[in-house]
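Same order as they appear, the protein sequences are chains D and Z.
The number in my numbering is simply the position in the first sequence, starting from 1, with 8 added.
The number in my numbering is simply the position in the second sequence, starting from 1, with 21 added.
Treat the hints with care, since some could be wrong.
Selected chain Z positions facing chain D (in silico; Cβ < 7 Å) [said to hold, decoys possible]:
#: 1; residue: Thr70
#: 2; residue: Arg77
#: 3; residue: Thr80
#: 4; residue: Pro153
#: 5; residue: Lys158
#: 6; residue: Asp159
#: 7; residue: Ala210
#: 8; residue: Pro226
#: 9; residue: Ile257
#: 10; residue: Leu261
#: 11; residue: Gly264
#: 12; residue: Pro383
#: 13; residue: Leu425
For each label pair, taking beta carbons as the anchor points, the in silico distance ranges come out as [what the hints assert, rightly or not]:
#: 14; chain 1: D; residue 1: Arg57; chain 2: Z; residue 2: Arg470; range: 44 to 54 Å
#: 15; chain 1: Z; residue 1: Arg430; chain 2: D; residue 2: Leu80; range: 25 to 35 Å
#: 16; chain 1: Z; residue 1: Met482; chain 2: D; residue 2: Leu80; range: 48 to 58 Å
#: 17; chain 1: Z; residue 1: Arg518; chain 2: D; residue 2: Ala189; range: 32 to 42 Å
#: 18; chain 1: D; residue 1: Ile22; chain 2: Z; residue 2: Glu180; range: 16 to 26 Å
#: 19; chain 1: D; residue 1: Pro155; chain 2: Z; residue 2: Pro246; range: 50 to 60 Å
#: 20; chain 1: Z; residue 1: Asn203; chain 2: D; residue 2: Pro187; range: 15 to 25 Å
#: 21; chain 1: D; residue 1: Gln16; chain 2: Z; residue 2: Glu415; range: 26 to 36 Å
#: 22; chain 1: D; residue 1: Pro187; chain 2: Z; residue 2: Arg430; range: 42 to 52 Å
#: 23; chain 1: D; residue 1: Arg57; chain 2: Z; residue 2: Arg430; range: 13 to 23 Å
Bear in mind the hints are in silico, worked out from the structure with no lab data behind them.
This structure is a prediction, so every number in the text was calculated from the model and none was measured.
The beta carbon of each residue, even a glycine, is placed where N, CA and C say it ideally should be.
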Amino acid sequence: MWMRFIGQRLLQLIPVLAGVSMIVFLTMHLTPGDPIEHMLGQAGRITQRQIDELRAHYALDRPMLVQYGLFLKRALVGDFGPSYSHLGRPVREVVAERLPATLELTLFSFALALALSVPVGVLASVRPQGLFDRLATAGALLGISMPGFWLGLVLMILFGLRLHWLPISGRLDLGLVLPSATGLNSLDALIAGDGAALWSALRHLLLPGLTMAAPMAAMVVRMVRSSMIGVLSQDYVQFARAKGLPERAVICKHALGNALIPAVNVVALQAGLLLSGNMVIEVVFQYPGIGKLAVDAISSADYPLVQAIVLIYALSYVLLNLGADVLHMVLDPRIRRPQEGR
Amino acid sequence: MTRRRFLAGALMAPALTALLPGCSQERKGLPSDLVGGAVRVALDADVETLDPAMHRSRTVEAVVQNICDGLLTRDPTMRYVPQLATSWTVEDEARWVFKLRQGVTFHNGDPFTAEDVKFTLDRIIGAVPGLPPSPRKDLLGPVAGVETVDPYTVAILTEVPYPILDKKLVFQEIVPRRYFENVGPEAFARSPVGTGPFRFVEWQPGERIVLERFEGYYGGSSEIPPVGPARLGGVIFRPLEEGATRLASLEAGDVHVVLSVPPDQVARVEGMPNARLASTQGTRTHFVGLNCARRPFSDVRVRQALRWAIDPMPLIEHFLVGRARALPGVLVPMSFAFDTSLPQPRRDLTRARALMRRAGYPNGLNVTLDCEAGDKRIAEAVAGGMRGSGFRVEVRAWKRDNLLHQLRRRERDMFLTSWGNASLDPSGILPVLFHSDGYSNFFGYRNPRLDRLLEEADRSMDPESRQEKYIQVQRILHADAPTCLHFAVEELYGVARAVKDFHPRPDGMLPMHDVSLMS
Numbered sequence: 009m010w011m012r013f014i015g016q017r018l019l020q021l022i023p024v025l026a027g028v029s030m031i032v033f034l035t036m037h038l039t040p041g042d043p044i045e046h047m048l049g050q051a052g053r054i055t056q057r058q059i060d061e062l063r064a065h066y067a068l069d070r071p072m073l074v075q076y077g078l079f080l081k082r083a084l085v086g087d088f089g090p091s092y093s094h095l096g097r098p099v100r101e102v103v104a105e106r107l108p109a110t111l112e113l114t115l116f117s118f119a120l121a122l123a124l125s126v127p128v129g130v131l132a133s134v135r136p137q138g139l140f141d142r143l144a145t146a147g148a149l150l151g152i153s154m155p156g157f158w159l160g161l162v163l164m165i166l167f168g169l170r171l172h173w174l175p176i177s178g179r180l181d182l183g184l185v186l187p188s189a190t191g192l193n194s195l196d197a198l199i200a201g202d203g204a205a206l207w208s209a210l211r212h213l214l215l216p217g218l219t220m221a222a223p224m225a226a227m228v229v230r231m232v233r234s235s236m237i238g239v240l241s242q243d244y245v246q247f248a249r250a251k252g253l254p255e256r257a258v259i260c261k262h263a264l265g266n267a268l269i270p271a272v273n274v275v276a277l278q279a280g281l282l283l284s285g286n287m288v289i290e291v292v293f294q295y296p297g298i299g300k301l302a303v304d305a306i307s308s309a310d311y312p313l314v315q316a317i318v319l320i321y322a323l324s325y326v327l328l329n330l331g332a333d334v335l336h337m338v339l340d341p342r343i344r345r346p347q348e349g350r
Numbered sequence: 022m023t024r025r026r027f028l029a030g031a032l033m034a035p036a037l038t039a040l041l042p043g044c045s046q047e048r049k050g051l052p053s054d055l056v057g058g059a060v061r062v063a064l065d066a067d068v069e070t071l072d073p074a075m076h077r078s079r080t081v082e083a084v085v086q087n088i089c090d091g092l093l094t095r096d097p098t099m100r101y102v103p104q105l106a107t108s109w110t111v112e113d114e115a116r117w118v119f120k121l122r123q124g125v126t127f128h129n130g131d132p133f134t135a136e137d138v139k140f141t142l143d144r145i146i147g148a149v150p151g152l153p154p155s156p157r158k159d160l161l162g163p164v165a166g167v168e169t170v171d172p173y174t175v176a177i178l179t180e181v182p183y184p185i186l187d188k189k190l191v192f193q194e195i196v197p198r199r200y201f202e203n204v205g206p207e208a209f210a211r212s213p214v215g216t217g218p219f220r221f222v223e224w225q226p227g228e229r230i231v232l233e234r235f236e237g238y239y240g241g242s243s244e245i246p247p248v249g250p251a252r253l254g255g256v257i258f259r260p261l262e263e264g265a266t267r268l269a270s271l272e273a274g275d276v277h278v279v280l281s282v283p284p285d286q287v288a289r290v291e292g293m294p295n296a297r298l299a300s301t302q303g304t305r306t307h308f309v310g311l312n313c314a315r316r317p318f319s320d321v322r323v324r325q326a327l328r329w330a331i332d333p334m335p336l337i338e339h340f341l342v343g344r345a346r347a348l349p350g351v352l353v354p355m356s357f358a359f360d361t362s363l364p365q366p367r368r369d370l371t372r373a374r375a376l377m378r379r380a381g382y383p384n385g386l387n388v389t390l391d392c393e394a395g396d397k398r399i400a401e402a403v404a405g406g407m408r409g410s411g412f413r414v415e416v417r418a419w420k421r422d423n424l425l426h427q428l429r430r431r432e433r434d435m436f437l438t439s440w441g442n443a444s445l446d447p448s449g450i451l452p453v454l455f456h457s458d459g460y461s462n463f464f465g466y467r468n469p470r471l472d473r474l475l476e477e478a479d480r481s482m483d484p485e486s487r488q489e490k491y492i493q494v495q496r497i498l499h500a501d502a503p504t505c506l507h508f509a510v511e512e513l514y515g516v517a518r519a520v521k522d523f524h525p526r527p528d529g530m531l532p533m534h535d536v537s538l539m540s
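Let's have the full structure, built from the sequences with the hints guiding it.
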């Protein structure tokens, strides 16, 4: 049953990715700008022959449909061809270099958002309309409404430029050298047992991580709070209380598990948004991940690079959704049962 | 897995991550000799490759020149001096013979020979099969081939006489043939090897490039003392594209040198206790271009009127805090053959209005000034500065490549743009912009006499004759006025006080060989 469900969903990926790639391809090609112009910059004595050679090498002289066909043929085997703005280097390699940075930032923000939001949501639900609840609700509203770039700039100015507590750009102090095993600096520092590097990596993650985590945390706080309030009024919770169980055990053991089920979908969707919403944050913090790479690639008309990154975004978004559905099925037997009967 | 176990796991993961700082009690960082003795440089653009043959980026070149030396180089005053070449002669106008320095090794231990020079240049002109075309081909002009005469002599052949070949060679850094062929172009672009003063250590894309002193360095050009290995333990380059972030990093002591200080931030750098401002005249000229192929600027009187319509000085004082120089044409004063006889630009409204009347615009003219988004403030100042002259100017800003695309198709009438000429030879800018077939003749400007002069100057091996022809060209351009309001901005650097012997250069290169760092 599981395999069939997952298989079906994975099959649905094919038209989704094909559609996304075609939209990206067309949009990029219809936007004014020429990758060869970018490649040559304000080059001096260029001849038409030199331009033609470059065009031919990158197959830009072929009809658009042929170019798209070539792209699809390569993409099927995971090869996105050469990057126009990183001359002489394949897209796959350029993306692979930056992906760990984005992955690290996304995981960090995800963890930060959950670590902040679940306890706050639970505490807020214990005394609805109490002071803490009101503060938490107001904070959540603020978190959802603040645009990321604005929050990022405010945090940067406050903690970076005014207080000098946290670094405002990059991933690691320039003075530190860290052997790269996974590309995730904090993990690499752990592996190397290098405390200074770990501290530096986490400090660098904090401001962009917090900026990215804010809207997700806000969403989850509201979700957990309302879900907990609903669960806490259920009969089985009342029964647990009547048994004389301490309130902590009632909340953590009996209520929380059930209250979190509806939050799973929200969390998975938010994780997808985290990954694809990192462009603005990475640009604001000059963070060297694929979000910033995508923005640079768009402005230099680097079609293959943009296509590769957008496909990664689309793929991860769809997979996270699939993961959420599977999780939901694991956690909630009510969803599983009717399918088992088929 | 039970639901409870799963939930417990899901909750544990973030909790564990949040606990990570607690594990970092033991501080054993890696500030090795390299890192301690390295100058940290904040670049104003990202570095996309470290292959000297596969870029058109000044930033890449500034980094690569610390790793790979060329046959020639320039000192901070832009004088051409030998580097890996020791001497050269020109035979029959189209054959240049270079004697090479002996006993030089690449960072990987390979000896430097004529084979490496041949391979480097052949690759750029497209004579090595199987490699992608180099976007630097045009920088070698009519170079047709390279011959190795003996292991330390190389001959470069050109299709036609090419008087500035030696000057153009400062833009080509020599790569080791054997290493390149072993690792291939992709790996070379990631971890280059050269004969330069610094050895490549690490590149974390978008984050930093680490170089360390190459102890086996032959010493560099004998004409740029001190000669010997670099003084610094290393150099760390970090791309920080935002000007405000670069300055904040300098202020915080995270970096020692920052490039491209925005002119409006000059006072801030001058006020920093730990840093100073270093500046020099740049090689890039900003100007207003006019479309000579269609009305109203097809009439030379309208173009000339525009020249008298604005005084560049208030613009330079207010918007560039005096950090620019008004010029009579696109050449900067340190260029070869700069014509000192041309008058400095100034405002003369009587002349401007008279010319407009004669051209048939007694009531003035509405025009649109197109510019890149980044230049909008200056463009608006230009528009404001023309008030009262008869030109009523509206500013329209574009994304950079979008504007360039329209300029190439000559779709815009009046535009603010800029052009760099690091070679400081007129051949690097005048034919490109003003020859009828010039690749970047955005002006639709055609003048057969000027074309002939440019072609003759291009081929002449006699510097005096070249100079004379380029001066004539500048005078024709001044009269025909396809461009006006020229100004060249300064290269502005913020430099930590601990950094010694850092000399800002007009060409924007960052040779770190002579720089030292006080602890």
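Do the hints match the structure? See the list:
1. Satisfaction of the interface hint for Thr70(Z) is found here, the shortest Cβ-Cβ separation to chain D being roughly 6 Å, below the 7 Å cut-off.
2. Taking 7 Å as the C-beta cut-off, the interface hint given for Arg77(Z) holds, the closest approach to chain D being about 4 Å.
3. With 7 Å as the threshold, the beta carbon of Thr80(Z) stays out of range of chain D, its nearest partner Cβ sitting at about 11 Å, so the hint is violated.
4. This hint holds: Pro153(Z) has a C-beta 6 Å from the nearest C-beta of chain D, less than the 7 Å allowed.
5. For Lys158(Z), the suggested interface contact is upheld, since its CB lies about 5 Å from the closest CB of chain D, less than 7 Å.
6. Hint status for Asp159(Z) relative to chain D: holds, with the closest Cβ pair at about 5 Å, below 7 Å.
7. Taking 7 Å as the C-beta contact cut-off toward chain D, the hint placing Ala210(Z) at the interface holds, the least distance being around 5 Å.
8. Because the beta carbon of Pro226(Z) sits about 5 Å from the nearest beta carbon in chain D, less than 7 Å, this interface hint is met.
9. Given the 7 Å rule on beta carbons, the hint for Ile257(Z) holds: about 5 Å separates it from the nearest Cβ of chain D.
10. About 6 Å separates the beta-carbon of Leu261(Z) from the nearest beta-carbon of chain D, less than 7 Å, and the hint is met.
11. Annotation: interface hint on Gly264(Z) violated; nearest CB of chain D at approximately 11 Å, more than 7 Å.
12. For Pro383(Z), the suggested interface contact is broken, since its CB lies about 38 Å from the closest CB of chain D, more than 7 Å.
13. Here the hint on Leu425(Z) is kept, as its CB sits about 6 Å from the closest CB of chain D, short of 7 Å.
14. Checking the proposed 44 to 54 Å range against Arg57(D) and Arg470(Z) shows it is violated: the Cβ atoms sit about 27 Å from each other.
15. About 31 Å separates the C-beta atoms of Arg430(Z) and Leu80(D), a value consistent with the hinted range of 25 to 35 Å.
16. A beta carbon spacing of about 53 Å between Met482(Z) and Leu80(D) agrees with the range 48 to 58 Å that was offered as a hint.
17. Here the CB-CB span from Arg518(Z) to Ala189(D) is close to 38 Å, well matched to the stated 32 to 42 Å.
18. Checked against the given bound of 16 to 26 Å, the beta carbons of Ile22(D) and Glu180(Z), roughly 53 Å apart, lie outside it.
19. Taking 50 to 60 Å as the suggested C-beta distance range, the pair Pro155(D) and Pro246(Z) conforms, at roughly 55 Å.
20. The hinted window of 15 to 25 Å between Asn203(Z) and Pro187(D) holds, with their beta carbons roughly 24 Å apart.
21. For Gln16(D) paired with Glu415(Z), a C-beta distance near 58 Å fails the hint of 26 to 36 Å.
22. Taking 42 to 52 Å as the suggested C-beta distance range, the pair Pro187(D) and Arg430(Z) conforms, at roughly 51 Å.
23. Separated by about 20 Å at the C-beta atoms, Arg57(D) and Arg430(Z) satisfy the suggested range of 13 to 23 Å.
The structure is inconsistent with the numbered hints 3, 11, 12, 14, 18, 21, although it conforms to all the rest.
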